[in-house]
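Enquirer: Let chain A serve as the given structure and place chain B on it in line with the hints.
One letter stands for each residue in the lines below.
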Amino acid sequence: MRVVIAEDLFLLRDGLTRLLEAHGLEVSAAVDNGKDLLEVLTADPSGVPDVAVVDVRLPPTFTDEGLRAALAARREVPGLPVLVLSQYVEQLYARELLACGDGGIGYLLKDRVFDSAQFVDAVRRVAAGGTAMDPEVIARLLARNSGDGALAALSPREREVLGLMAEGRSNAAIAQRLFVSERAVAKHTASIFLKLGLQPSDDDNRRVLAVLAYLGR
Amino acid sequence: MSGTVMIPGSPSHRSAQRPGVRGDIIAAGRGLAFGGLMLAGLGLLLVPVIALILVGLGAGVVIDATALPGIQRAVLGLLLILTGLLMGRLLMLGVLLAVRRLAILTRRLAREWCGVPIAEAYLPPPGIGIVSGTGNGKLSFQQRLWWLVSDPATWRDLLWATMNAVVGWILALLPAMLVGVGLIGFIAPTLRHVIEIPPPAFPGNSPPVLILIGAAFVTLGLAAAPWLLRAYGGFAGAMLGPPGQAELALRVRHLAQTRAETLDSGAAEIRRIERDLHDGAQARLVAMGMALSAADELLDANPAAARALLTEARDASAKALAELRALVRGVHPPVLADRGLAAAIQALALDSRLKVDVLGSLPGRPQPPVESAAYFAVCELLANVSKHAGARQAWIDMRYEHGLLRVDVADDGHGGADPAAGTGLHGIERRLAAFDGILALNSPPGGPTVVTMEIPCALSSPKTSSC
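Chains A and B supply the protein sequences, listed in that same order. Each residue of the first sequence is one higher than the one before, counting from 1 in our numbering. Each residue of the second sequence is one higher than the one before, counting from 1001 in our numbering.
Just chain A, same shape as in the assembly (with noise of 0.2 angstroms):
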């Protein structure tokens, strides 16, 4: 899998690139700037990656830089898939990149690295045209959410699992995570759609982009 990154800090993109190689995936390109990253993510259709690891604060402006970049490379390449890493986790920015096309979408705090298993999981997720939203997005539209009555009459395990799926995790890795049977899961699933009054759906990421919308609506 071919990856390019795009991070400014030379000691964060050195240990981002060895974090990836180490797990098997291939660093095309680091770039250390919004520009360069444009180019190499849109110049030749050939040469696309398959996921492109972005900071948003990047040269020249050191404000959100990356995350235009980003966002314009995914108007020229329509599903690119693209996880933005920041020190700051923002919902206009997670609304701007899930308005911005049908999956392929990540957006995580750089703490999340620290986990090298997760973080690189939630970058084949999004390689895969999966999501990998920040537990503390979800955590924040969550408490957002709290007046509402049907998020309510959820159980708290219900909530649990409400939470992971937003964060764009499967059936599988919620159980794992949470010590239970897949099938315990896909009961929980099934329950929090019918309580929220959504259309459930076998695909993965259908459902999490269903619960991210209405969580944000």
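Rather than coming from a laboratory, the hints here were simulated on the basis of the structure. Check before you lean on any hint, since a few could be wrong.
Short derived list, chain A residues pointing at chain B, Cβ under 10 angstroms [stated by the list, open to error]: (1) V56; (2) S86; (3) Y93; (4) L109; (5) A143; (6) N145.
The C-beta atom is built at its ideal place from N, Cα and C for all residues, glycine as well.
Expert: Structure of chain B alone, referenced to chain A:
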């Protein structure tokens, strides 16, 4: 720059321009009212004059008594001086305050009737930071007197009252007098049938002539009324408006006060950041270092314990990062830095537990300090709404017009917010004051509450759009 600026299109301006006979009559009536105020001022000025005459008289008598010894006359003279001085001292405060009230009333009427806004530039009473015309009752007689006497504006008011006693007759009273005299021309012939009036001295005193002359006077008086009223407004503006220096002094006082408050709050903010860093991230990093060195020592002897320590160090680093994030969010939120005020307020609305609708937009970005002040003000107002208002929904409306950044924060809560109750609104007000911004609260019991802030500022280049 003087305080007399015409505001085109303001209600007062329009009413001063009202055409027709009715407008003329109103103008004459207003002139009459100004004349009444002028006479009141004249009466007030007579008080010190009488006091002075008494003192002079007394002094004369005393001098007379020393020349021609006579103990009774000397005592009488001294008594006169004493009465004069006492009268001067006791009445001085009352006279000065009354003249000031007259001046304040005249300024108001000049604004409402003549369309001439006149700025007030009185010194604030000692020990109180708020500019108010007449002070409060907590000061001693001595303090109050000194406060009035030491204010140049008091002496300008007195000069106005004196000049007014001359000019007022012409500018304010003339139309009413002309009309009055003219009306007598109408009435006199009628009266002559009822009571015996000696015929006027000038020839041609027949009733028709008198009525003609009367009509001419009334017409002249009414025609002149609006012009003279406006002229009186100009005169009042020139005499009662603060001279450039006083206006500058007012401005300097405001700036000194807001600067001191800004420095205070800046220093407090830095102390808070220092404390947060010291107790938070710094302490976590120390713990992390200790756990790492302990792990280093245990690595060979007890790998399991070393592993536990490494996990601990990793957790400490995650917590330190989380604390730094919270700290930075409180100092300069990322979205504000990246995208500016409008987007940061959007982000704030998304993070709020309330349903918050953000309306309006800004054509560009204000200067970073203004952005930051406005952002944290909105932040605090929204926090107030969710804490105290019992609201289900809030609205934030922002726009930029005529060099003013205006943000309204409204909610559908129970209202009755009391600005005196907490320090929150005052804190926001003080921070906005550093930019000459203002905060207005409208919160009737039962709601809705609307808080409006306005900050004069310039906007920079238009924002760039994104996906």
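Enquirer: It remains to establish, for every hint, whether it holds in the given structure.
Expert: Against the structure, the hints:
With its C-beta approaching chain B no nearer than about 8 angstroms, V56 of chain A sits inside the 10 angstroms limit, and its interface hint holds. Hint status for S86 of chain A relative to chain B: holds, with the closest Cβ pair at about 8 angstroms, below 10 angstroms. The beta carbon of Y93 of chain A comes within 8 angstroms of a beta carbon in chain B, closer than 10 angstroms, and the hint placing it at the interface holds. Hint status for L109 of chain A: holds, given a least beta-carbon distance of 8 angstroms to chain B, under 10 angstroms.
Hint status for A143 of chain A relative to chain B: holds, with the closest Cβ pair at about 6 angstroms, below 10 angstroms. A cut of 10 angstroms between beta carbons decides the hint on N145 of chain A: the least distance to chain B is about 9 angstroms, and the hint holds.
Violation of the numbered hints given earlier is absent; every hint is satisfied by the structure.
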